[in-house]
Amino acid sequence: MIELVQHLINGLSMGSIYALIALGYTLVFGILQLINFAHGDIYMVGAFAGFYAIRFFGFAEHPSWLALGVTLLFAMLGSGCLGWCIERLAYRPLRRSPRINALITAVGVSLLLEFSGQLIFGADPKFFPQILIFDGGWSFGELKLNPLQILIFLISIALMLALDWLIFRTRMGRAMRATSFNPECAALMGIPTDQVISLTFVLGSALAGAAGVLVGLAYPKIDPLMGVLPGLKAFVAAVLGGIGNVRGAVAGAMILGLSEEFLVGYGAPTFRDALAFGLLIIILLFKPTGLFGIKRAEKV
Amino acid sequence: MSYKKISVQNRFFTAYFMGLLLSQWISGCKPHALSLSQGNVREPSAQNQATIRVGEVSSMTGSEATFGISTHRGIELAFEEINQSGGVLGKKLQLMTLDDQSKPEEAATAATKLISENQIVALLGEVASSRSIAMAPIAQNSKTPMISPSSTNPRVTEMGNYIFRVCFIDPFQGEVMAKFALNDLKVKKVAVLRDVDSDYSTGLADYFTTAFKKGGGSVVIDESYTSSDMDFKSQLTAIRAKKPEAILVPGYYTSVGLIARQARELGLQIPLLGGDGWDSPKLVEIGGKALENSYFSSHYSTENTSPKIQTFVSKFRQHYQANPDGMAAMGYDAAMILADSMKRSKTLSKQDLREAIATTQNFPAVTGNITLNEKRNAVKPAVVLKIVDGAFHYQTTIQP
Numbered sequence: 000m001i002e003l004v005q006h007l008i009n010g011l012s013m014g015s016i017y018a019l020i021a022l023g024y025t026l027v028f029g030i031l032q033l034i035n036f037a038h039g040d041i042y043m044v045g046a047f048a049g050f051y052a053i054r055f056f057g058f059a060e061h062p063s064w065l066a067l068g069v070t071l072l073f074a075m076l077g078s079g080c081l082g083w084c085i086e087r088l089a090y091r092p093l094r095r096s097p098r099i100n101a102l103i104t105a106v107g108v109s110l111l112l113e114f115s116g117q118l119i120f121g122a123d124p125k126f127f128p129q130i131l132i133f134d135g136g137w138s139f140g141e142l143k144l145n146p147l148q149i150l151i152f153l154i155s156i157a158l159m160l161a162l163d164w165l166i167f168r169t170r171m172g173r174a175m176r177a178t179s180f181n182p183e184c185a186a187l188m189g190i191p192t193d194q195v196i197s198l199t200f201v202l203g204s205a206l207a208g209a210a211g212v213l214v215g216l217a218y219p220k221i222d223p224l225m226g227v228l229p230g231l232k233a234f235v236a237a238v239l240g241g242i243g244n245v246r247g248a249v250a251g252a253m254i255l256g257l258s259e260e261f262l263v264g265y266g267a268p269t270f271r272d273a274l275a276f277g278l279l280i281i282i283l284l285f286k287p288t289g290l291f292g293i294k295r296a297e298k299v
Numbered sequence: 000m001s002y003k004k005i006s007v008q009n010r011f012f013t014a015y016f017m018g019l020l021l022s023q024w025i026s027g028c029k030p031h032a033l034s035l036s037q038g039n040v041r042e043p044s045a046q047n048q049a050t051i052r053v054g055e056v057s058s059m060t061g062s063e064a065t066f067g068i069s070t071h072r073g074i075e076l077a078f079e080e081i082n083q084s085g086g087v088l089g090k091k092l093q094l095m096t097l098d099d100q101s102k103p104e105e106a107a108t109a110a111t112k113l114i115s116e117n118q119i120v121a122l123l124g125e126v127a128s129s130r131s132i133a134m135a136p137i138a139q140n141s142k143t144p145m146i147s148p149s150s151t152n153p154r155v156t157e158m159g160n161y162i163f164r165v166c167f168i169d170p171f172q173g174e175v176m177a178k179f180a181l182n183d184l185k186v187k188k189v190a191v192l193r194d195v196d197s198d199y200s201t202g203l204a205d206y207f208t209t210a211f212k213k214g215g216g217s218v219v220i221d222e223s224y225t226s227s228d229m230d231f232k233s234q235l236t237a238i239r240a241k242k243p244e245a246i247l248v249p250g251y252y253t254s255v256g257l258i259a260r261q262a263r264e265l266g267l268q269i270p271l272l273g274g275d276g277w278d279s280p281k282l283v284e285i286g287g288k289a290l291e292n293s294y295f296s297s298h299y300s301t302e303n304t305s306p307k308i309q310t311f312v313s314k315f316r317q318h319y320q321a322n323p324d325g326m327a328a329m330g331y332d333a334a335m336i337l338a339d340s341m342k343r344s345k346t347l348s349k350q351d352l353r354e355a356i357a358t359t360q361n362f363p364a365v366t367g368n369i370t371l372n373e374k375r376n377a378v379k380p381a382v383v384l385k386i387v388d389g390a391f392h393y394q395t396t397i398q399p
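Quick note, the sequences are listed as chains A and B, same order. Counting from 1, position 132 in the first sequence corresponds to residue 131 in numbering that gives the first Met the number 0; the numbering is continuous, with no gaps. Counting from 1, position 67 in the second sequence corresponds to residue 66 in numbering that gives the first Met the number 0; the numbering is continuous, with no gaps.
Hints were generated in silico from the structure; no laboratory data involved. Using N, Cα and C, we set each Cβ at its ideal position, and we do this for glycine too. The reader is advised that the hints may include incorrect statements.
As the list claims (entries may be wrong) - Per the computed footprint, the stretches of chain B lying under chain A, defined by three or more beta-carbons under 8 Å from a beta-carbon of chain A, are:
no., region
1, 173 to 184
2, 253 to 263
3, 281 to 291
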C-alpha cells in the first residue's frame with residue numbers, strides 16, 4: 000500500500016515536470032498552429048541560463064528563496080530572448096509559406112540549438128547547484144515527500160491557471176485567440192498580429208526556461224541534449240490532452256507521468272519511453288484531437 | 000468543384016511525422032565512413048614516415064566525457080615522456096585523437112577514419128565497452144593492433160586476436176564486489192539496478208549476481224534503467240519494498256549521482272556499490288552527500304604509497320592541476336605498454352607489433368604489473384574505494 004502511494008506521488012511529480020514543458024508547447028501551438036520542436040531545446044537553454052546566473056551571483060553558497068527567484072527571472076529572460084530571436088529570424092520569414100516549411104525549420108532550429116549548445120556549454124553533463132535546500136524532506140512513516148516535488152506541482156498548476164486566465168480573461172488573450180482563429184481577419188480589425196505572435200513565443204519560451212531551472216533543481220544534472228527526450232514527452236503530453244488546450248496539457252502530462260511511473264515500478268522499466276510514444280500512436284489513431292481537444296474544420 | 004474538409008490537426012500530425020522521419024534521417028546520415036574491405040586498405044608504410052602514428056578514439060564529449068578526457072591526458076602524458084627520452088626506435092610518437100561523442104556508432108566511424116586515412120600503426124581506445132565492441136571488428140579486419148585502456152566487458156577482446164586490453168575484466172570485477180559485500184560489509188541481501196543501454200553495466204551486474212549467489216548471498220530484486228533516464232524513483236521505490244542491505248549500481252557516474260540522490264530522498268540509507276564506471280570526480284559533484292559510505296571497485300588508488308604511483312600522480316598533477324582518476328592511469332599504462340611493445344617488436348609492421356603486444360610479460364605499469372594472458376586480457380588486482388567526505392579512500396585490494 001505504501002509502495003502504491005509512493006508511486007502515485009512520484010508519478011505526479013514526474014507529471015508536473017512534463018506539464019511545465021507541455022504548457023509552453025501547447026501555448027505556442029494554440030496560437031500559431033506551429034509545433035515548435037525547438038521548445039525542448041529552449042528549455043535546455045533556460046536551464047543553462049539559470050546555471051550561469053547562479054555562478055555569476057554565487058548563489059551556490061547561499062541557497063535561499065531569493066536565489067531561486069533571481070535565477071528563475073534570469074532563466075526566463077534568457078530563454079524568452081532566445082524565443083523572440085527564433086521567432087523573428089526563423090519563423091516569421093516563413094509565415095506565408097506552407098506550414099511544412101515552418102515545421103522543418105523548427106527541426107532545424109532544434110538541431111542548431113542542441114549542437115551549438117555542445118560547442119558553447121561543452122558536452123559533458125554539469126551539476127546544477129542546489130539553490131534551494133529543504134532539510135531532509137518530509138516523511139510520513141515509510142512515505143517520503145520531497146518539498147521540491149510539491150513546489151513543482153504547485154507551480155505547474157498555478158501556471159496553468161495563470162495561462163488560462165491570460166487567454167480567456169484579458170484583452171491580450173482575446174487578441175491571441177483572434178490571431179489564432181484567423182490572422183488576416185484579426186489584422187484587418189487592427190490587431191498587431193506580429194506583436195501578438197512574438198509575445199506568445201516569448202511567453203512560451205519563458206515558461207520553458209522556468210521549467211529548465213525547476214527540473215535542474217529536482218534532477219541536478221544538465222547537458223546540452225537534456226531537452227530532447229523531455230521535449231518529445233511533453234509534446235506527447237500536449238497531444239494527449241488535446242494540443243492547444245492549456246488544461247489538457249497539464250492533464251495529459253499527469254496521465255503520462257503516472258502511467259510511466261506504474262509501468263516502471265511494476266514491471267517493465269525499459270519500456271518507459273516506448274510507453275510515451277505508444278500512447279502518442281494510440282491517441283492519434285483513435286482520438287487525434289486529444290482528450291480535451293475540439294475538432295476544428297478548415298475550409299479550403 | 001468539390002470542397003475538401005480536412006481537420007487542421009490531421010495535417011499537423013502528418014507534418015509532425017514527416018518532421019520526425021526527417022530528423023531521424025538527418026541523425027542517421029552522419030558521414031558513415033567508407034566501408035573497409037581488405038583490399039583497399041593501404042598498408043601503412045610506418046618505416047618511411049618521420050613519426051610513428053598512433054590513433055586514439057576517445058569520448059572527449061558526451062555523457063562519459065570525463066572518462067575520455069582523463070584517458071586522453073594519461074596517454075598524452077605517456078607520449079610526452081616517451082618522446083622526451085628519445086622516442087621509439089629513434090622516431091617520435093605522434094598521437095592522433097578523434098572524439099566519438101560517447102556514441103558507439105561514432106567510435107566505429109572514428110576508428111575507420113584513423114585506420115584508412117591516417118595510416119596509424121596501432122589504435123588506443125575506448126573506455127566504454129559498448130564503444131570498444133563497436134571499434135574492435137574494424138581494427139581486427141584491417142589487422143591493426145588495438146589496446147583498450149579500460150573496457151572491462153569480456154566480449155571486447157573476444158572480437159579477434161588483434162584486440163588487447165590492459166585492465167581486468169568484469170567477471171573478476173563482479174567477483175571483487177561480491178566478495179567485498181559478503182566478507183567486508185557482511186550483507187546477504189542485495190538489490191541490483193542496471194543500465195540496460197550499456198554492455199558494461201549489464202555484464203557487471205550478471206557477473207556480480209553469479210558470484211554473490213555462489214557466496215551464499217541473494218539478489219532480492221533486479222531493476223533496470225536506460226542511460227537517458229533522469230528519474231529513478233519508481234525503480235528505487237520497488238527496491239525499497241524488498242528491504243535490501245545494499246544496492247549494486249554498476250552504471251556510469253552521470254546516472255549514479257542522480258540515483259544516489261533519489262535513493263536518499265526515498266529514505267534508503269543503505270550503501271551503494273559500483274564498479275570502475277564510478278571513478279570520476281563528477282560522481283561526487285552530482286551525487287554530493289548522497290554518496291557517502293558507498294563503495295566501488297577500480298583500477299588503482301592515488302593513496303597507494305608505491306613510488307611508481309606517487310611519481311605518476313605528481314607528474315599528472317603538475318601537468319593538469321588535477322588528480323589522475325583510474326581512467327587516466329589506465330590510459331597512461333596502455334600507451335606505455337604500446338611503446339614498450341614497439342621497442343620489442345622486430346619491425347613496425349602491424350603483424351610484428353601484434354606479436355610483441357601479445358607477449359607482454361610483467362610490465363611494471365602504474366596500476367600494477369601487467370601480463371597479458373592468452374585471451375589478451377590483463378591479469379591484475381583490483382582495489383575497492385570508499386567515498387568519505389566527497390573523496391575516494393582506499394579500502395582494500397582484492398587479488399585475482
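Verification of the supplied hints:
1. Under the rule that three or more residues need a Cβ within less than 8 Å of chain A, the assignment of the region 173 to 184 of chain B is violated, with 0 such residues.
2. Coverage of the region 253 to 263 of chain B by chain A holds. Counting CB-CB distances below 8 Å, 4 residues qualify, and the rule asks for three or more.
3. Interface restraint, the region 281 to 291 of chain B with chain A: holds (4 residues with C-beta to C-beta distance below 8 Å; minimum three).
Going through the hint list in order, the structure does not satisfy hint 1, though it satisfies all others.
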